[in-house]
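Colleague: Mind docking chain S on chain P? Use the hints.
Listed in order, the protein sequences are those of chains P and S.
For the first sequence, position 143 (counting from the first letter as 1) is numbered 143 according to UniProt numbering, and the numbering increases by one without interruption.
For the second sequence, position 123 (counting from the first letter as 1) is numbered 123 according to UniProt numbering, and the numbering increases by one without interruption.
In short, the hints are calculated from the structure, not lab data.
Don't take every hint at face value.
Said to hold, decoys possible - Here are the computed lysine-lysine pairs in the DSS-like style, where the Cα-Cα straight-line distance is at most 30 Å:
#1 S:60 / P:419
#2 P:416 / S:60
#3 P:419 / S:111
#4 P:352 / S:60
#5 S:111 / P:416
Since we're looking at a predicted model, the values are computed, not measured.
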Amino acid sequence: MNGSDMSGEAASKSCSRDLIQRDRQYSGELNMAYLLMFVTLLHLITLAMQFIATMEKSWWVWDVLENSDLWYNCRFDNSTGTWLCASSKESEWLKAVQVLMVLSVVFSSVSFLVFLGQLFTMSKGGLFYFTGLCQVFSGLNAFSAALIYTLHNKAILQDSRELTSGHFGYCFILAWVCVPLLLCSGVIYIHLRTTSKMIPLALPKGTDKLCELCQREARLQCTECRVTYYCDEEHQQADWVGIHERICQLLAPIRTPTLYSLQWAGRIETQLKKAELIEICRLVAQSKLSEGKHQEALPAAQFCLRCSIDLHGPSTVQMVPAYLLLAEANMGLGNLARVAELLSQAEWAVLKSPECGHAVRHRLHRSLGRLHTATGNLEAALLNFADDIYFASEEYGLDSTVTCGGYFLMADVFTKQGKMPIARSLYSQVAHTWHCHLTKLLKTHVQNVQNPDMLLESSYDKAQLVEVDEMLKTMLEFEQNDSRKDSTQVALVAHCLAMLWFLGGDSLKALGFGSTALQASQLIPNHDLTEPIQGLLQLVQNLQTESHPV
Amino acid sequence: MNAAVTQPQAGPFLPDINTTKCNKRRKSTQYSRMKQQKESLRSSQIISQGEISRFRNSPKQNICVELLREGYHRSFSEIFFLLGADRDRMAPAEPGSNLRFQTPLDQQLDKLETMKRHLSRAEEAERTGSWMVVCDQRLLLGWYFSAPEDLWLSLHFYHSCTDRGQGSHSRPATEAQVCMAEAYLKLGELEQARQQAELCVKQTEDGGWLDSNGRPLRLRAREALWRIYSRLADAPLEAADYDRALKLLYKGYSMATESEDQQIEWEGAYRLGLTYQSAGDNDTAKQFFNTCMEISGTLQDADKLGKSYKAMAKSIESEGNIQDTLECLEKLADISRCNGLQHTLVDAFLCLGNIYHTTSQYTRACEYFLQGYEVACELGDVALLQKAQVLVANARAHSLIWKFSADVEPASPAALRRLIAWKARGRHQGVYR
Numbered sequence: 001m002n003g004s005d006m007s008g009e010a011a012s013k014s015c016s017r018d019l020i021q022r023d024r025q026y027s028g029e030l031n032m033a034y035l036l037m038f039v040t041l042l043h044l045i046t047l048a049m050q051f052i053a054t055m056e057k058s059w060w061v062w063d064v065l066e067n068s069d070l071w072y073n074c075r076f077d078n079s080t081g082t083w084l085c086a087s088s089k090e091s092e093w094l095k096a097v098q099v100l101m102v103l104s105v106v107f108s109s110v111s112f113l114v115f116l117g118q119l120f121t122m123s124k125g126g127l128f129y130f131t132g133l134c135q136v137f138s139g140l141n142a143f144s145a146a147l148i149y150t151l152h153n154k155a156i157l158q159d160s161r162e163l164t165s166g167h168f169g170y171c172f173i174l175a176w177v178c179v180p181l182l183l184c185s186g187v188i189y190i191h192l193r194t195t196s197k198m199i200p201l202a203l204p205k206g207t208d209k210l211c212e213l214c215q216r217e218a219r220l221q222c223t224e225c226r227v228t229y230y231c232d233e234e235h236q237q238a239d240w241v242g243i244h245e246r247i248c249q250l251l252a253p254i255r256t257p258t259l260y261s262l263q264w265a266g267r268i269e270t271q272l273k274k275a276e277l278i279e280i281c282r283l284v285a286q287s288k289l290s291e292g293k294h295q296e297a298l299p300a301a302q303f304c305l306r307c308s309i310d311l312h313g314p315s316t317v318q319m320v321p322a323y324l325l326l327a328e329a330n331m332g333l334g335n336l337a338r339v340a341e342l343l344s345q346a347e348w349a350v351l352k353s354p355e356c357g358h359a360v361r362h363r364l365h366r367s368l369g370r371l372h373t374a375t376g377n378l379e380a381a382l383l384n385f386a387d388d389i390y391f392a393s394e395e396y397g398l399d400s401t402v403t404c405g406g407y408f409l410m411a412d413v414f415t416k417q418g419k420m421p422i423a424r425s426l427y428s429q430v431a432h433t434w435h436c437h438l439t440k441l442l443k444t445h446v447q448n449v450q451n452p453d454m455l456l457e458s459s460y461d462k463a464q465l466v467e468v469d470e471m472l473k474t475m476l477e478f479e480q481n482d483s484r485k486d487s488t489q490v491a492l493v494a495h496c497l498a499m500l501w502f503l504g505g506d507s508l509k510a511l512g513f514g515s516t517a518l519q520a521s522q523l524i525p526n527h528d529l530t531e532p533i534q535g536l537l538q539l540v541q542n543l544q545t546e547s548h549p550v
Numbered sequence: 001m002n003a004a005v006t007q008p009q010a011g012p013f014l015p016d017i018n019t020t021k022c023n024k025r026r027k028s029t030q031y032s033r034m035k036q037q038k039e040s041l042r043s044s045q046i047i048s049q050g051e052i053s054r055f056r057n058s059p060k061q062n063i064c065v066e067l068l069r070e071g072y073h074r075s076f077s078e079i080f081f082l083l084g085a086d087r088d089r090m091a092p093a094e095p096g097s098n099l100r101f102q103t104p105l106d107q108q109l110d111k112l113e114t115m116k117r118h119l120s121r122a123e124e125a126e127r128t129g130s131w132m133v134v135c136d137q138r139l140l141l142g143w144y145f146s147a148p149e150d151l152w153l154s155l156h157f158y159h160s161c162t163d164r165g166q167g168s169h170s171r172p173a174t175e176a177q178v179c180m181a182e183a184y185l186k187l188g189e190l191e192q193a194r195q196q197a198e199l200c201v202k203q204t205e206d207g208g209w210l211d212s213n214g215r216p217l218r219l220r221a222r223e224a225l226w227r228i229y230s231r232l233a234d235a236p237l238e239a240a241d242y243d244r245a246l247k248l249l250y251k252g253y254s255m256a257t258e259s260e261d262q263q264i265e266w267e268g269a270y271r272l273g274l275t276y277q278s279a280g281d282n283d284t285a286k287q288f289f290n291t292c293m294e295i296s297g298t299l300q301d302a303d304k305l306g307k308s309y310k311a312m313a314k315s316i317e318s319e320g321n322i323q324d325t326l327e328c329l330e331k332l333a334d335i336s337r338c339n340g341l342q343h344t345l346v347d348a349f350l351c352l353g354n355i356y357h358t359t360s361q362y363t364r365a366c367e368y369f370l371q372g373y374e375v376a377c378e379l380g381d382v383a384l385l386q387k388a389q390v391l392v393a394n395a396r397a398h399s400l401i402w403k404f405s406a407d408v409e410p411a412s413p414a415a416l417r418r419l420i421a422w423k424a425r426g427r428h429q430g431v432y433r
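Here chain P stands alone, though its shape is the one from the complex:
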């Protein structure tokens, strides 16, 4: 009925799109095929020309009857009707020219043989580099030979008659013509080597290469490692920026099958390498996510997932972190359908393995909760956040900052539902926990400052700092917009923010938040926050005066 009509339209549209793409693909491939044929022909022609130039007789011609080449001087004897040839006078320049021309021929033929060999075996690496370089070298040789002959013409043809009566022969011209051709073909070979375009039709049967990012048919390959393929420039660039720059060198040994890699020991090694790769990808993806670059994090997360599937199997519990990472990346971009798909697979993996730990479960439920919040299914979100908090408490304890994150997200949902008292109480819990945590950190920081021999570690990296700062700012806003001003809460949150920025190194913000906190703390009945806040402000001011001595 209606549905099938619309799907038919859409199908036809996609069909036409595919056809256009395939056309482009084929035209691209045909271009590549033409280029290859052309360069082969060029090589053959140049080789022939070089042979002729070296072997033939007409480097210098006086008239039709007399000529000389690199090896002989020949004169047509009218009387006998034969060519009388005598070897050319030995001179060093002539020798040089001879050697150079011979060398250029040799190199050219060698390069051609190598080219043929590599074309038919299509082995990895070095393809066409050698050929191109040989061609270029042979071109340079021919160039130097012709140049020497041109410049030291007189020295070579010493004993002959005046040079004014003769002219350069066709071999000489051929030699000069060869030079640019050789250089050209050398450059083309090198371009063929460095271009990322590949010809799928030229691949052996059954080895279809797929794009790294979208898994469609690939037409480009990475020139560094030669084992990664892409469908177009866009994807190549995105992958390079996302992850490929870091792991290009590591991919080549994994993806090329050698005899060793097919044996048991080699397989173990490959697995270890893959595990390493997964770890690197995970770290890269997480760092990008924490900076907020979700689009850039996608290739890394996807690769991590694919590698994990390779290594562990599709629905095992070790896969779950990879699923969660990719889900987070997609959530940042707003692809909620994909997120739902990934999270349901992760859930299935967790269900299948009841022995997986509390940490994994808590992260899964947190992601699910955030998904449901984004889609608006608040009841399900609450259920998932409740599970998340339960597992986080089991794993990290009731007072940990991880559990706090769960409380914060839950308070958000309650705000959406309009249940303000619950949200308020949750926020106060979060504030208390973070306050204790930050006070402890501050104390250790101050102690470390006093013993300069202890290493100053920044306990929070930039990304986490930003995250926590956002969370605390949201809470502060909530309190300030609230009808009943709870000064305790405001003071607590502002104090937390001040401490956070002091530890993060931004004194200005620390001062700002500190003064807010001080104001609010004066309004609390029992002034037990005032002292710590004042202490902190003092510290910040000391730091400022230290760094900017006036």
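Modeller: Same frame as chain P, but now just chain S:
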């Protein structure tokens, strides 16, 4: 599909052929009936996510998740903390000990449910600021956990009731203090118990609060404090530190008198008297025993009266006044006989006999011992019986010997002749009768 879902009745399977509408019925085919059934199945209950999780997850998780979902996160924190504490408590227990045989708290669903219910109500009340309700709910929880292995839980809830900033001077909080004092007493932590009880007494000085059983809190607090002082005095008594013991017992006695409970007043006085007796101050002891006797008179409690008399007799005896002692003991015997207190009667007789024995009135001693023996026989108490037997025999023997012990000593010929004559004639008749 789900085994739990039952097939509802969609309608009679076979059409009824006897109705007038049989034509229409015959048109309803198998297909339409199947469709009907399918529709009703679809509309019937599919198991919800909550029910699935109830089967799949542990009871602890279910409770925690339900609490969090409804927004009671502080209750969740408390329950989680308590379950953790319970786990820590049971972890170091050796296998085979009593602790191992108890089921851990996180598997006792009814207790978890109760905690959840009351704690969520308390949190709700806390949010709206009604502190009375908060304290009330926690008090209820404290009561609920009255089993000996849950005393620590009960104490936790009582503490949480009394230790909060607001509402700590309300009626439920004060009641919680008294309950806490009693619980600590049961556990044996006397110092804590005393602290709580003293606080409670201070708070209930003016109040006319009644506890949940209807008893005035004031009196209950004082009774608890008296009990605590009594127990506290045990240790110094054993160490023979009479001064301290007396101080404590005096405090207890004043509490007891304030608590308007005659029973414990009697006990307080009695103990004080006993302590004075052990300390050697018999006059004061006698005063207290008099008080005891009065109280037992008002109480019409013969048992207590008997005890008071016995103690009094002991006092008088230590003073050395035999006559008064005898009187006292006779009174005791009368009372016990009248009230059927056989044990006390036996005791009285034996005591009397002892006194006569010490004063060398062996015949009378014998009589009393015999009476005691008879009562013991009636009682059927073998140990007492045997004791009485021994005493009787002892007294008899002494009575016999006494007669001729006067003759043995001087060793005069006349005395010797008498002795021989007695021996020849036999023991049953004779001069020394």
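Colleague: Which earlier hints can't be squared with this structure?
Modeller: 5
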